[in-house]
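Novice: Below, each chain spelled out in residue letters.
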Amino acid sequence: EDQVTQSPEALRLQEGESSSLNCSYTVSGLRGLFWYRQDPGKGPEFLFTLYSAGEEKEKERLKATLTKKESFLHITAPKPEDSATYLCAVQVYGGSQGNLIFGKGTKLSVKP
Amino acid sequence: EAQVTQNPRYLITVTGKKLTVTCSQNMNHEYMSWYRQDPGLGLRQIYYSMNVEVTDKGDVPEGYKVSRKEKRNFPLILESPSPNQTSLYFCASSLRGRPLQETQYFGPGTRLLVL
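So the sequences go chain by chain: A and B.
For what it's worth, my numbering labels the leading residue of the first sequence as 1, then goes sequentially.
For what it's worth, my numbering labels the leading residue of the second sequence as 113, then goes sequentially.
Hint data in this document are derived by calculation from the structure and do not stem from the laboratory.
As the structure is a prediction and not an experimental result, all values here were calculated from the model.
C-beta: ideal position from N, C-alpha, C; glycine also.
You may find that some hints are simply not true.
[Stated by the list, open to error] For lysine-lysine, the following BS3-like pairs were computed, each having C-alpha atoms within a straight-line distance of at most 27 Å: (1) A/Lys42 with B/Lys169; (2) B/Lys183 with A/Lys42; (3) B/Lys130 with B/Lys183; (4) B/Lys169 with B/Lys183; (5) A/Lys107 with A/Lys79; (6) B/Lys130 with A/Lys111; (7) A/Lys57 with A/Lys107; (8) A/Lys104 with A/Lys57; (9) A/Lys79 with A/Lys63; (10) A/Lys111 with A/Lys68; (11) B/Lys169 with B/Lys129; (12) A/Lys104 with B/Lys177; (13) A/Lys69 with A/Lys104; (14) A/Lys79 with B/Lys177; (15) A/Lys42 with A/Lys68; (16) A/Lys104 with A/Lys79; (17) B/Lys181 with A/Lys104; (18) A/Lys111 with A/Lys69.
[What the hints assert, rightly or not] Just some of the chain B residues that point at chain A, by a computed CB distance under 10 Å: (19) Glu113; (20) Pro120; (21) Asn138; (22) Met139; (23) Gly170; (24) Gly175; (25) Tyr176; (26) Ser179; (27) Phe218.
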């Protein structure tokens, strides 16, 4: 069964304290891995798509990387406005078309 | 502005009273999908549509219906809602669902409470 596991469930950081969020996956065949940000009461907001091991993408203070078994979302010098739940999702070959399999998310809190 | 819209945003209803949650996108996307989000379970796909008049079941389709008569609209229908359908619902769309992975854009969500 295809699975996505995110860790930690929650992460508290001080402003400026860099860290990483982990997304490990066990899937039959990876089409793509997606990172989303979700603020309370809102829909997931797209951040990155990664397609193959070794790929990296950056956006402001965020950098996403991908290996054959996991992805990391690195947050450099976070600010309070980075506080949100970060969701990882995968699309797999052979699954229902377009279906995203989501992890349960990491809730990030950044204190000033 | 490119967006996915959902209505209503909040809904309280009673068991057995039919309801429809609308979803519309203005990006000319072929692919649309419905998810539900529950604490401890994450987001799970209910139904999806590859294009007009083409729909199929996701992981948790029981108790739901959908239709896709127009490209921009993809309503979710609960013909006889039950309390276990109390959840936060999201509509999403992407340019295509295949052959390659496409970024899905999500609506703002509809919070449903079934008493």
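Novice: Take the hints in turn and mark each one as holding or not.
Specialist: Hints, verified against the model:
no.	hint	in the structure
1	A/Lys42 with B/Lys169	holds, 25 Å
2	B/Lys183 with A/Lys42	holds, 24 Å
3	B/Lys130 with B/Lys183	holds, 24 Å
4	B/Lys169 with B/Lys183	holds, 18 Å
5	A/Lys107 with A/Lys79	holds, 14 Å
6	B/Lys130 with A/Lys111	violated, 45 Å
7	A/Lys57 with A/Lys107	holds, 21 Å
8	A/Lys104 with A/Lys57	holds, 22 Å
9	A/Lys79 with A/Lys63	holds, 15 Å
10	A/Lys111 with A/Lys68	violated, 33 Å
11	B/Lys169 with B/Lys129	holds, 23 Å
12	A/Lys104 with B/Lys177	holds, 25 Å
13	A/Lys69 with A/Lys104	holds, 17 Å
14	A/Lys79 with B/Lys177	violated, 42 Å
15	A/Lys42 with A/Lys68	violated, 31 Å
16	A/Lys104 with A/Lys79	holds, 23 Å
17	B/Lys181 with A/Lys104	violated, 33 Å
18	A/Lys111 with A/Lys69	violated, 31 Å
19	Glu113	violated, 14 Å
20	Pro120	violated, 14 Å
21	Asn138	violated, 15 Å
22	Met139	violated, 13 Å
23	Gly170	holds, 6 Å
24	Gly175	violated, 18 Å
25	Tyr176	violated, 15 Å
26	Ser179	violated, 18 Å
27	Phe218	holds, 4 Å
Hints 6, 10, 14, 15, 17, 18, 19, 20, 21, 22, 24, 25 and 26 from the list above are not met by this structure, while the remaining hints are.
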